[in-house]
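A.B. asks: The lines below spell out each chain.
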Amino acid sequence: MEILRSVIALLIFPSGLLLLVAGLAYEWVDRKLLAQYQNRIGPRWFQPFADALKLLSKEEVIPEGVNPFLFVGLPIVALAGGLTAALYVPIWGLPPAYSFTGDLIVTLYLLSLLALCMGVAGANTMDRFSLIGATRTLTQLFSYEAPFLLALLGPAIVAGSWQISEITAYTREHWLIFTQPLGFIVIVIGLMGKLELPPFDAPEAETEIVAGALTEYSGRGLALFRLGKGVEMVIGLTLVAAFYLGGVANPLWFLVKTLGLLLVVAGIQALLARLRIDQTVGLWWRYGVLLVLVQWIIMIGMRIVL
Amino acid sequence: MKTEEQKRELFTIPIGPQHPALKEPGHFRFTVDGEIVTDVTVRLGYAHRGIEKAAEERNWIQNIYLMERICGICSHIHATAYCLGVEQLANVQVPPRAQAIRVLVAELERIHSHLLWLGVAAHEAGFDTLFMYSWRDRETVMDLLEDLTGNRVNYSVNLLGGVKCDVSSEQIDAIYKGLEFLEKRTHHYLDVVGTDAMFLQRTRGVGVMTRSYAELLGAVGPTARASAVARDIRVEAPYAAYPDFPVNIILETAGDLAARFLVRIKELFECYRLVREILNRLPPGELVARAPRRIPAGEAFSRVEAPRGELFYFLKSNGSDKPERVKVRTPTICNWTSVLKLAVGHQLADIPMILVGIDPCFSCNDRSIIIHRPGSEEQCLDWETLRQYGQVKYGNPT
Amino acid sequence: MKLGAMISDVTTSLFRKPVTERYPFERKEASEHLRGRLAWDPENCSGCGLCAMDCPAGAIEVVVIDKQAKRFACHYHVDRCTFCAQCVHSCRQGCLAMASDIWELAALSRIPFELWYGDDENVKLAMAGTPASEAQKSGAG
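Protein chains in written order, with this note's numbering: chain B, 7 to 312; chain Y, 92 to 489; chain E, 6 to 146.
Quick caveat, the hints were computed from the structure, so don't treat them as lab data. In this text the structure is predicted, and so the values were computed from the model without any measurement. Think of the CB as a built atom: it goes at the ideal place given N, C-alpha and C, for glycine as much as any other residue. Please note that a few of the clues may not be correct.
[Unchecked claim] No more than 20 Å apart at the CA atoms, straight line, and that leaves these computed lysine to aspartate or glutamate pairs for DMTMM-like:
#1 K432(Y) x D124(Y)
#2 K33(E) x D124(Y)
#3 K33(E) x D234(Y)
#4 K22(E) x D282(Y)
#5 K7(E) x D282(Y)
#6 K268(Y) x E37(E)
#7 K33(E) x E230(Y)
#8 K7(E) x D219(Y)
[Said to hold, decoys possible] Which residues of chain E face chain B? A partial, calculated answer using Cβ under 10 Å:
#9 M6
#10 G9
#11 A10
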C-alpha cells in the first residue's frame, strides 16, 4: 500500500504527469507574458505541448564519439531529479507528500541535478558549441548556488528548522518579503540564474553558441530536458512563494502567488540584456553574496537583540 | 611560450555558414583559448550569384532591376548608383525633381536600414526587447515607402533618366506624421543605448578601433565615422540632389561598439531633418528625361553613400544595348579586415556583437576580387586549365 | 547609467493590445500606389513589344496576330513577374497598369499564373500557337 502510494505520488499526483503538464503550462504563461511585454501576440496555449509531443515522437540521433549510456541516461536523471524534488515542496498549495527533518537540503540537491546533468551532457560530446555551453553552465552553477542557497536558508534560520513543512508553517504567519527584502531580491534573481532565463542565459546563448550544452540533443533527450526545465520552474516558484510570500495555503493562493511571481520574473526577462559569463560570475560573487550576507547579519543581529 | 601539446589544446570554433548569429552565410574560424579569441580567419562567397556576369546578358534597362536585387536592405541605392553611371555615359540630364525624389527614397531607406540594424544588433546582445520594439517602429517607415513607391522592399523607383513615381500632398502629410512618431522613438532609443547599464556593459570598450587603425584598414561608412574618420560620400563628392540639400557628418571619437551605435542613431536624426527639408523644397518639374536605348561607348564610375558606407560602381559600354562590364564594390568588403583585426583578444561572447557592429551585408559583398601582390605575375586560367587545377587539388581525377 | 532603460515601454505594453496584425482575420487596406498584378488594355496597343524587351524577368509576351489590323494578345506570367512596373513606363501608349487591390496571388497550381489578355478571338488564336491549352483566359475589353 505504501509502495502504491509512493508510485502514484511520483508518477501522477502531486508530481509526475500533473507536474509535467503544469510545467508546460507555466512555460506558456512565461512566453505569453514576455510577448505581451514586447507588444506582440506570443504563442497559442497548446504550443509547448505541441513542441513536447513533436520532440518525443522524433528520432533521437546519437552523435559519434559520445558515451551512449550517458547520452541517453542523463536527460532521464535530470527529469527524475526534478520530479522527485516535487514530493517535498508544498506544491499545489497542499502539504508535501513526504516530509522529514532536513528535506530542505535534499530538495536543493535534487534541484541542482538538472543543471549538473546538462553540464555533463554537454561535456560528453565532441562538439565545440556543447563544450563551451557545458563550461558556461557549470561556471554559472558554481556562481549562483552560494547566494541562492543562503537566501533559501534565511527563512530556515528564522523558522528554526530544516524541514520544509515547518518552515512554511512559520512563514504563513510572517511574510518574509517584508522582513528579509534583500533575501527576496537575491532569491528571485537566483531563480532566474538557476532556470537560465535571460539575462543569465549565457550558457545557452543562441547567437553565440547555437544551443549551448544541448546542441547535439534531439528527439526524446531534448524533450526530457525541456520538460525538466518546466518542472524546475514550477518547483522554484513554489519554493519562493512558500518561503517569502507568506506560504501557499490552498490551491487558489498557490496559483495567485506563483503566477504573480512569474509576472515579475517575465518582466525582468524582458527588461535586461544578456550578460556575458564573466559578468554573471562577477555579479553573483560580488553583489549577490554581499547582499545575502548583509541580510544574514541583520537577521542574526535582530535575533540576538530581540 | 606554449609547447606543441598546449597549442593543440586551443579550440577552433566555426561560426557559419549556418549559425544563429549570422543572418546570411559566411564562414569564420575562431581559435579560442578558453573564452579568449586568439586568431580569426574568414571565408566568404556563399551568396555569390554571378550578378556581374548576368548583367552582361541583359540590356541596360533590365539591369536596373538586377542591380536592385544585389541586396534587400540597400536595394534602392544600388539602382541609383547604376542609373547615375549610365546617365553619365549617355550624357542625360536628369530633372531636379527626379534627383530630389531619388534622394528622398534613399534617405528613407537609410532610416529603414539603421532601424533594422539596431534591432539585429540588440538581438545579438541578447536584448530581445529592443529588437522587437525597433522592428515595430521600422514598420512605420516601411508603410511610408509602400505608400510612396508601391512596394515595401525593392522599391523600383529608378528609371534611366529619372524616377517612376511622384509625391502627392497626401503622401507628404503621411511622411511628416510618420517622421514625427519615428523621431520620438529614436530619442528614446538614443537614451536606451546610451544609458542602459547592462547594454553598456556589452558595448562600451568592446572592439575599439583607433582612428589611425581605421584609416590603415580602409574602413568606410558609420564604422569609420565612429572612429572619427570623416568619410561620407554625400559630403566629399555630392551626387544626385545632395549639392542642393547638404548633409552634416556625424562623428564619434570612442571607436568602440557603443560609438557605432551612437553614430547610426544620430544619423537617423540627420535623415529626418533631410527628408523634411526635401519635402519642404521639392523642386517642380518633370520626372524623367529620355534616355537612349543604346548607350554610347565609354567608361564611367559612380560613388554613392549606402547605409553601410561607400558604394562604387564601374560601368563600361561598347555602344550596344547591353553593358560590357559592370563592377560593383560594396562597403562591407572594406570593413571585414577591421573585424578580423579587432576580434583577437576579445571574449567569445563579444564576437557576434563585433561582427554585427560593422553592419555586414553578405549578399552585397560576394563579388569576385582580384588581389595583386607586388612582384607576382597575374595568372589567368582558362576553363580547361581551371578544371585540371581543381582535379589535382581535390585529388579527384575523372 | 540606469538599469532597465526600457521599463516605460515594457510596463505600458502590459496594458495595451499587441500591435501584431492578425492576418488573415484582419486585413489592412493596401495603399493605392501598391504595385499588384498587371492589367493590359488592348485599345491603344501598337505591338512595339518594348514592354516584353524591357521586362527583367520575361513575364510579358505580346503575341502579334495582325499588326496592320492592330490585333494583339498578351500573355502574362504572374509567377515570373517581379512587379517592378518597368513595362508600365516602357509602354508609350499607356496600355499597362498595375492593380493595387489584387496582391494576394498565392495559388496551389501553375494554372492561375498563366494569364491571357485581349479580345476573345485574338486570345484563342494566340493560344492555339502555344502548348498551354488549359491556361485561363482573362477578358479585357
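A.B. asks: Hints first: check each against the structure and report whether it holds.
C.D. replies: Outcome of the hint check:
Under the criterion of a C-alpha separation no larger than 20 Å, the hint pairing K432(Y) with D124(Y) is consistent with the structure, at around 17 Å. Only pairs whose Cα atoms come within 20 Å are accepted, and K33(E) paired with D124(Y) is rejected, the gap being roughly 53 Å. Taking the CA atoms of K33(E) and D234(Y), the gap is near 11 Å; set against the 20 Å cutoff, the hint holds. For the proposed pair K22(E) and D282(Y), the alpha carbon gap of about 25 Å is over 20 Å, so the pair is violated.
Using a Cα cut-off of 20 Å, the hinted pair K7(E) and D282(Y) holds, with the two alpha carbons roughly 10 Å apart. Between the alpha carbons of K268(Y) and E37(E) the distance comes to roughly 18 Å, so the proposed pair stays at or under 20 Å and holds. For the proposed pair K33(E) and E230(Y), the alpha carbon gap of about 13 Å is at most 20 Å, so the pair holds. Using a Cα cut-off of 20 Å, the hinted pair K7(E) and D219(Y) holds, with the two alpha carbons roughly 18 Å apart.
Proximity of M6(E) to chain B is violated relative to the hint, the smallest CB-CB distance being about 13 Å (cut-off 10 Å). With its C-beta approaching chain B no nearer than about 4 Å, G9(E) sits inside the 10 Å limit, and its interface hint holds. With 10 Å as the threshold, the beta carbon of A10(E) comes within range of chain B, its nearest partner Cβ sitting at about 9 Å, so the hint holds.
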